[in-house]
Amino acid sequence: MIGDDRRRQIMARVTPLLQAIDPEVLLLEVLLDSTRQQLAFVMQKGEWPLVIGMNWLDYVSHRDEELQARLQEGIAKRLEVVQQRQAREEEE
Amino acid sequence: MRPRLSLKRFLLGSPLRTAEIHEQRLSKKAALTVFASDNLSSTAYATEEILLVLKLGGAGLLSFVVPIGASIALLLIIVVLSYGQLIRAYPTGGGAYTVAKENLGVGAGLTAASALLIDYILTVAVSVAAGIAAITSAFPRLFPYRPHLCALAIAILVVANLRGVRESARAFALPVYTFVACAYALILVGLFRGFVQGLPPATPDVAAPAGPLEYATAFLLVRGFAHGCVALTGVEAISNGVQAFQKPVVRNSQITLYVMGAILGSMFLGISYEAYLFGVLPKPEETVLSQIGRMAFGTNWLGTGALYYLTQFSTMAILVLAANTSFAGFPRLASILAEDRFVPRQFKNLGDRLVFSNGIIALGFVALALILFFGGNVHLLIPLYAIGVFLSFTLSQSGLVMHWWRVREQGWGKRLALNALGAVVTAAVLLIIGWVKFREGAWVVVLAVPAIMFLFWKTRRHYFQVTMQLSLADFDRPRLARHTVVVPVPPTPNKVVLTAVEYAKSISKDVLAVTVNVDNKHPEEVRELWKKFVDDVPLIVLSSPYRSVVQTLLRFIDEVEDLRREDKLTVLLPEFVPARWWHNLLHNQTSLMLKGALLFRAGIVVTSVPHHLHEAAQEKGRASRNDW
Numbered sequence: 017m018i019g020d021d022r023r024r025q026i027m028a029r030v031t032p033l034l035q036a037i038d039p040e041v042l043l044l045e046v047l048l049d050s051t052r053q054q055l056a057f058v059m060q061k062g063e064w065p066l067v068i069g070m071n072w073l074d075y076v077s078h079r080d081e082e083l084q085a086r087l088q089e090g091i092a093k094r095l096e097v098v099q100q101r102q103a104r105e106e107e108e
Numbered sequence: 051m052r053p054r055l056s057l058k059r060f061l062l063g064s065p066l067r068t069a070e071i072h073e074q075r076l077s078k079k080a081a082l083t084v085f086a087s088d089n090l091s092s093t094a095y096a097t098e099e100i101l102l103v104l105k106l107g108g109a110g111l112l113s114f115v116v117p118i119g120a121s122i123a124l125l126l127i128i129v130v131l132s133y134g135q136l137i138r139a140y141p142t143g144g145g146a147y148t149v150a151k152e153n154l155g156v157g158a159g160l161t162a163a164s165a166l167l168i169d170y171i172l173t174v175a176v177s178v179a180a181g182i183a184a185i186t187s188a189f190p191r192l193f194p195y196r197p198h199l200c201a202l203a204i205a206i207l208v209v210a211n212l213r214g215v216r217e218s219a220r221a222f223a224l225p226v227y228t229f230v231a232c233a234y235a236l237i238l239v240g241l242f243r244g245f246v247q248g249l250p251p252a253t254p255d256v257a258a259p260a261g262p263l264e265y266a267t268a269f270l271l272v273r274g275f276a277h278g279c280v281a282l283t284g285v286e287a288i289s290n291g292v293q294a295f296q297k298p299v300v301r302n303s304q305i306t307l308y309v310m311g312a313i314l315g316s317m318f319l320g321i322s323y324e325a326y327l328f329g330v331l332p333k334p335e336e337t338v339l340s341q342i343g344r345m346a347f348g349t350n351w352l353g354t355g356a357l358y359y360l361t362q363f364s365t366m367a368i369l370v371l372a373a374n375t376s377f378a379g380f381p382r383l384a385s386i387l388a389e390d391r392f393v394p395r396q397f398k399n400l401g402d403r404l405v406f407s408n409g410i411i412a413l414g415f416v417a418l419a420l421i422l423f424f425g426g427n428v429h430l431l432i433p434l435y436a437i438g439v440f441l442s443f444t445l446s447q448s449g450l451v452m453h454w455w456r457v458r459e460q461g462w463g464k465r466l467a468l469n470a471l472g473a474v475v476t477a478a479v480l481l482i483i484g485w486v487k488f489r490e491g492a493w494v495v496v497l498a499v500p501a502i503m504f505l506f507w508k509t510r511r512h513y514f515q516v517t518m519q520l521s522l523a524d525f526d527r528p529r530l531a532r533h534t535v536v537v538p539v540p541p542t543p544n545k546v547v548l549t550a551v552e553y554a555k556s557i558s559k560d561v562l563a564v565t566v567n568v569d570n571k572h573p574e575e576v577r578e579l580w581k582k583f584v585d586d587v588p589l590i591v592l593s594s595p596y597r598s599v600v601q602t603l604l605r606f607i608d609e610v611e612d613l614r615r616e617d618k619l620t621v622l623l624p625e626f627v628p629a630r631w632w633h634n635l636l637h638n639q640t641s642l643m644l645k646g647a648l649l650f651r652a653g654i655v656v657t658s659v660p661h662h663l664h665e666a667a668q669e670k671g672r673a674s675r676n677d678w
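One line per chain: the protein sequences are A and B, in this order.
The first sequence begins at 17 in my numbering and counts up by one.
The second sequence begins at 51 in my numbering and counts up by one.
Derived from the structure by calculation, the hints contain no laboratory data.
Some hints could be false.
The calculated label-pair distances, taken between Cβ atoms and stated as ranges, are [to be verified]:
no., chain 1, residue 1, chain 2, residue 2, range
1, B, Met518, A, Glu82, 46 to 56 angstroms
2, A, Glu40, B, Asp524, 46 to 56 angstroms
3, B, Glu665, A, Ala28, 46 to 56 angstroms
With a cut-off of at most 30 angstroms between alpha-carbon atoms, the simulated DSS-like pairs for lysine-lysine come out as follows [as the list claims (entries may be wrong)]:
no., chain 1, residue 1, chain 2, residue 2
4, B, Lys618, A, Lys61
5, A, Lys61, B, Lys571
6, A, Lys61, B, Lys559
7, A, Lys93, B, Lys545
8, B, Lys297, A, Lys93
9, A, Lys61, B, Lys79
10, A, Lys93, B, Lys559
11, B, Lys545, B, Lys581
Backbone N, C-alpha and C define an ideal beta-carbon position, used for all residues, glycine too.
Next comes chain B alone, as it looks inside the complex (with noise of 0.2 angstroms):
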């Protein structure tokens, strides 16, 4: 016989054994690929960021793209070599969460994790959304179809990242690297047409605006780095999943770091710089970065255009790929809280592929649906990105601050100093971020920060007050006086009915059957049928003038249990199970509604008899005609 493969088998691959896990540990290569793609990404549109908000202002102020991308690049460094620290501190990984719960307190810890929570999700929507806007910018008749399209992406990464860790930076390699190649030949390329050949700059049609500029100036020029800071999105990703890198994890990891530090700040110098070299302006229908790469390549097919097509598809599948970050760091993140009881247990369970399913699973649907909410636009999303990101930076580096104050080790003042810059710097980044946007929507996330705290806070409680009582701390071995059976049946017996009562009367001395007359049929009549089978066991035949079979023998199954207070009462529920799942719609069902009506009763034990039911047997018709 042919062995089926299960859709599960084929999407995901066979199961790893837990001992697996560790030869599912990353290269430096493939680290990047895994936890680099957010944060190069950004440079699609963390540039148009900035020019959307100059825009503002004239033609004038487009020229101070340049300078408010070398001031982010500055920023870039410092909070890069700020995180080195925290890898050093922090070889286990975790990241802002364990850092801020260990030097600052567990409410800390617990902003900085609701933040980070917050952030991989909008990382997720706004990557996706950004990359499919690539695709749309290239080709227009695809544009109604965003939220489509978002949706078909973020399937791909949740099967990807549910196949397993070593597999999805395998799948995630070529599209990353060919991003990096591609910037850096768009970078080259622009500089080499614009200096050499003399491309005329496009003439930006922006009207200045009339009126007195200079404090309204200022506030665009602040806007204009508060919205560029979204290029920073991602740093902290290499720090939360240390762990997954080989050995020696904390060199690895923190080389990685810098390299990617290095790739993001070259390129989002370059792109704005060639924005400012071009007069690129954004536009609703194509980003930035595509106006660019039309100028530096041109559009024909076969000539340099091709590396334009190349740039753009590999600018949406790294966009993609960025959400692949956050599906590195959001499941890690979910199982360590899950691990302090601050987020339902099942997160921290690792599936068959040993990856945090669960936190795949969340993650997915929740940002699929942030994206459909929002008809997938970037720019409605970019709002209340950055703001979550910037608040777990300062978290981290303030509780690194009082880490190297504690531990003092040799070079510790270095350190302290280098992180209280890292902790002051993003602070200041975000007031400016929270004042800047907050009207555009930064408010959102400032309001979810304490709610998501809040459930972190009720699902401790819980697991606390579940754990406190079913402790054997004051435990009374309970005393079971005597046992009563209460076993509900159809007035005609059958096969299932017949098993159940044996094993009734296996487990206890007091049974009683109990059945509901609705054909009304004369109750000894339904008696004598009853003790042809059963003749140790009495049958209580209850009437129900309104056809209620299950309302009728939950009152019964009342009274019993007034009348046997001290007696643990079992009701027994014989049960058959069709060979096909869909023969259930066949069936009343009843045994099912009553299990449901008695899953809250405390005191009553709830039991099962199933009877399995055989195909063949079914198409002899020599099964149970009876629809209990």
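Just chain A, with the same shape it has in the complex (with noise of 0.2 angstroms):
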């Protein structure tokens, strides 16, 4: 589990970067696993919890821009998935 202190810096540092891309998307978590090697960004954006998955070391080295250009593709990935989801649970 990531420490706390880790944990605000990382949220601070992307939270603004999220606003940009989508105002609506609130980041709601953010996890590393077990190997520490993977982190995952948990978000919401209306009714649809996203999570985007990141290497570590590419967070760290990547810079602002960078970040928010993974993390832009990351989040139309996942709404292009929420669509279709939206669709199936509206046909069922």
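Fit the two chains together into the complex; they arrive one by one in their own frames, and the hints show the way.
Structure, rendered in structure tokens:
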């Protein structure tokens, strides 16, 4: 589990980037897995939770612009999936 | 403390050990009551079915009830002797299904099986409805309550059969032997009154139909014969249940079969002759047997009339018990089919009392549905009847012909000839019944047989596919790289939640808790509270503007599953189990709903961590306030 200070730092870095990408996307939590190599950003847009993974080394080595581009790409992919799920739920 | 006697134990008795199965075998006398009641009871309505048809041709045709009865008795002799051969060839039982399957192929076997299953169901429906008709004949006030009485009779039969083979035989012996005694007394007293006392025959009030009658007469005679063939239903029951007999099983079951045939033939002929002697006609409100009984015995309670009422009650009893033959035959056949995977395998499970409980219960339900659908009216049910029996007769006799031809043991020629005769005669009768009764309702059976066969094949196909998919032949041991556990929790932690989290930590290093904040608390507040109790598992606080907890959780689980495609994902559900079942009504059942929703998701393991509540704890208010 990620430490409180580190969590706060990451959230402080990522939150404004997300605001710039899509103000409706809220960052809820940052997770680090047991290998301590994989990060996950848990977000929510409206009723839909979104989870994006990222390698820890990528996170620390990316500049903010690169990180924003990665996040934007990840969010776009997740929203695409969300759209498909929404269509499926409406069908059901 | 006094031991509590459950309703199940009270009704069904204590469970029997599997080793006691051999002690449940039947003597010849007991077997006659279990396997012959269907066959013998058909004398209560077979004559009436013939008369119902002959009546249409006017009074002149009524005398044909005797020759038609005699031809059916001749048919009975052929069928009984043929089935005696079947018992000899197949001492392990199984009857028409096994014989047809082994000698004519699986398709023929399944045709016989589906025909027999239909007939077992119809036997219950017809026999119970006819039994209740015997009572409503004697007590017309009960006439409107026929469906209720039928349901009660079926319930009694189901319970008696669930208690076990030997106990059902013990319970049914008295009514069966009373009926046989009453029927013979009725025939003897009737003959005495008819010939010695010269009792005048009732004049049948039947108008002769106008117009040319030659073709119509011939058709009515054939139709009367076809209707009377219901007398033969149940002959096959002994051959299906050979293994229920005490040793030597072949000899005992053959003797029982021949005794049954002799009793049936003599009673059927006697009753048919007396119907002719007294000029009795079927009436909607009174059975033919009841009318003969009134004429032979009178109806004064204190004199011979007591015998009339005894006959009516024993008729009702044996007709209801006739259904018992099906309760012996249907579950056995279903268990054999289950062994071959043509019906659900639950049908081959022996219950507490060493009987095929699922078959007994299923038969009871289907027969009851049929009776309620037809309002307990025997004459509406009869046209569906007998066609399945003769189809299975024909297939089993044909199968035996092939069997004797193949084995060619000593004396095979005679046996082959007898079964060939049986096959030809029963096939001819099958065609006659099919032709005559088709528009009266036999078409239902003609459609039902292939429909049931289709279900047999679909069931077998399913089991085959399951076996293939579970087979270890091409098994690659799954490689579990990592294991992520998601624990859905309520916003406020409690004992149940903390127990579940501790368990989750014991099975994986990657555990995350998730909650849906429907109360609009500040997420940080929820998180801080969580951290007070659990500081090594992150809590994701999702929001749901529309308060849909389950859907939001499912969407989150989908996201985690997408992220950790290489991992095994476990959703671990903390659940508390209330002390009383009805306490469940007071809680949200979120876990149950999640479990239901995740049940059909491939690749997700769903686990419950139950926490059992105690009544005392609840009374003291120590139980969780949480409705999770």
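Going down the list of hints, with the structure as the test:
no., hint, result
1, B:Met518 with A:Glu82: 46 to 56 angstroms, "holds (50 angstroms)"
2, A:Glu40 with B:Asp524: 46 to 56 angstroms, "holds (48 angstroms)"
3, B:Glu665 with A:Ala28: 46 to 56 angstroms, "holds (51 angstroms)"
4, B:Lys618 with A:Lys61, "holds (26 angstroms)"
5, A:Lys61 with B:Lys571, "holds (18 angstroms)"
6, A:Lys61 with B:Lys559, "holds (28 angstroms)"
7, A:Lys93 with B:Lys545, "violated (39 angstroms)"
8, B:Lys297 with A:Lys93, "violated (76 angstroms)"
9, A:Lys61 with B:Lys79, "violated (79 angstroms)"
10, A:Lys93 with B:Lys559, "holds (28 angstroms)"
11, B:Lys545 with B:Lys581, "holds (15 angstroms)"
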